[in-house]
Amino acid sequence: MKRIALLGMPNTGKSTFFNRLTGASARIGNWPGITVDLLGAKILLGADMVEVVDLPGLYDLHGFAEDEQVVRRFLQNNPVDLLCIILNATQIDQQLPLALQLCRLGLPAVAVLNMADEAERLGIRFDTGVLAAGLGCPVCSVSAKYGQGFPETRDTLRRVLGQRPSTDTRALQADFAADEALIAEAEKLLARSVTIPRVLEYDLTERVDRIALHPIFGIPLFFLALFLLFQAVYTLGGPLQDGMAWLLEGFRDRALAPLQALLPGWLYGLLVEGLYDGLGTVASFVPVIVLFFLGMALVEDSGYLSRIAFLMDALMAKLGLDGRGFVMLLMGFGCNVPALMGTRVMRSRGLRLLTMLIVPFSLCSARLQVFVFLITALFSPVHAPLVLFALYVLSFLTAFATALLFKRRLGSNEPLLIELPPYRLPTFKQVALRAWHEVYHFLSRASRFIIAGVVMIWLLTHLPPGAAAAGPDTLAGMFGAWLEPLLRPIGIDERMAVVLLFGFVAKEIVLGAMAVVYGLEGDALAQLMAQQMDWVQAFSFMLFTLLYTPCLSTVATLRSESRSLAFTGFSIVWSLGLAWLLSFIFYQAARLLGF
Amino acid sequence: MTMVRLSELPMGQQGIIEDVDAEEHFRQRLQALGFRIGKEVRPIRQALFGGPLQVRVGSVNIMLRRNDAALIHVWAEG
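Sequences listed follow chains A and H, in order.
Residue numbers for the first sequence follow the working numbering, beginning at 22 and rising by one.
Residue numbers for the second sequence follow the working numbering, beginning at 1398 and rising by one.
Some hints could be false.
[Claimed, not checked] Listed below are the simulated EDC-like cross-link pairs for lysine to aspartate or glutamate, each with C-alpha atoms no more than 20 Å apart in a straight line:
| hint | chain 1 | residue 1 | chain 2 | residue 2 |
| --- | --- | --- | --- | --- |
| 1 | A | Lys-450 | A | Asp-322 |
| 2 | A | Lys-209 | H | Asp-1465 |
| 3 | H | Lys-1436 | A | Asp-81 |
| 4 | A | Lys-339 | H | Asp-1465 |
| 5 | H | Lys-1436 | A | Asp-114 |
| 6 | H | Lys-1436 | A | Glu-208 |
| 7 | H | Lys-1436 | A | Asp-322 |
In short, the hints are calculated from the structure, not lab data.
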């Protein structure tokens, strides 16, 4: 099968082009280094199946960034029949040297001018004939976002693939000395073939940046936007969540309850009270998670993330980090695992380890659902969003404090160089696709752990046979009693101790575990929690849940990304210790003050 | 025309790059983003608390820290 490699700089819309060309739902991001794993897809081009591989964004084929090395290694080790070079038409002057560099590899190539529509609005005119002659390959114009120009591009790709036989790529030897000559040639070609209006000064991006990057209002505006996002997730998600719970309970009463007469007691208990109630409690949070990821996708695809890096860099520099570290914390709000992998863009090992040390404190979506559940059960609707916001603030503060403590050992002065791409309004389809992709990941991760976890918890709370469900004689009761001396001082009882134990595996299980341990689900569980705990206990529990090890996937990622067992162990011990200490201080102080 | 460091160029004033005095890796990254000798650069704004600069080179906006911008020498008009 013939293979097409997609190449181009970050922020050229390469991922969008890939999605549009292949119809697959790849992750789309505005941040260099997000598409670290190589995405591939097989498509029908004319009469033949062709494999398309999306290579990481690169600035220079001879560059030394990790992504650039990945591209070189890929080209040296994998036969490629066609290079599809994606160029951002609005920044063609910056991109042409890379295009020339790639064309010089001697492989069949097609250059794609993406965002042709945006370039046209900016008054940039292309003489594609001259450009094609200069590059030595066909040139197509597309808008990957809106899908213009794709039939022609597919035709061109098919035609070029058909023309020449496969080339042996082992002969690829890039010529470093020729770089300067290429740049000079690019400028000459640019002058001959492209007309660019000199001033792009008063465009929309600059007008937005004057507000978004305002020296005084920039940072407050960012936090206001963050608060509004969470407020929206909470107020819109609440009713949706109730609706979902109502549906799930209805199904249980109508369809599952009659089974009680047909199935043996233990099997009904395991399937309905264990599996269904556990999964149902988690499933009722899907609407909140969907809303949350819609919001995140909107922020990420708009180009605002790199502005946040700009705004926060000065503060992060004092912590031994840089603006990218703050963005990784924000990415961690979705899931800590991709945020940890995102630190690959950092070259200095110290900086990378320090960032990886703080990312697990980022309040991820799995923890969010636990908090939304408990906060709704124990706090008034007026206080609820504030409590949630307080947890986000605490998540930042513990991350910052951790960085401050360890910056001497790990910090660095790695130069920081980030492009501030023009703002783009993501299309509805783009955001929806992205949100769906994230939710799908959440659900597949959740279902993997939850089904096993929930069954395990049901067994622990019902064995040995004859013991009262979730009573002190069960295995779970024994675990709880064993952990009790450790957790009593922070206001967590034996039953919640068992829940925390499973939360170590994945926070997605926590609610399912509560449902099984207490033998209730939905509203009934929420009411019981409100009787079992007061707000001080609940907040202490949430504080502990926020800070102790996020989940096994995070631990595994820490291990594989740091390639250090000692660092991984330290990260676990530090977060557990900090979780206990802060919960202890909070709980004891609140009790002393008479709450 | 006077020669200054990019970090010293007043906001909004244009300069022409004369020299990039950075170590090899960083120089390559700068070049790939358009910081090449003879190119026009213009600092647009600086973030609060001595934060990074936003610099326009060609049609691209780049953020870089002041100490890194000090490695770039430019000719300033006037």
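Going down the list of hints, with the structure as the test:
1. At most 20 Å may separate the alpha-carbon atoms for a hinted pair to count; Lys-450 (chain A) and Asp-322 (chain A) meet this at roughly 12 Å.
2. Pair hint Lys-209 (chain A) plus Asp-1465 (chain H) does not hold up; C-alpha atoms about 29 Å apart against a cutoff of 20 Å.
3. The hinted pair formed by Lys-1436 (chain H) and Asp-81 (chain A) meets the criterion: a straight-line CA distance of about 18 Å does not exceed 20 Å.
4. For the proposed pair Lys-339 (chain A) and Asp-1465 (chain H), the alpha carbon gap of about 16 Å is at most 20 Å, so the pair holds.
5. Between the alpha carbons of Lys-1436 (chain H) and Asp-114 (chain A) the distance comes to roughly 11 Å, so the proposed pair stays at or under 20 Å and holds.
6. In summary, the hint linking Lys-1436 (chain H) to Glu-208 (chain A) is supported, as the alpha carbons are separated by about 11 Å, within the 20 Å threshold.
7. A distance of roughly 30 Å separates the Cα atoms of Lys-1436 (chain H) and Asp-322 (chain A); the hinted pair therefore is violated under the 20 Å criterion.
The structure fails hints 2 and 7 (numbered hints given earlier, in ascending order).
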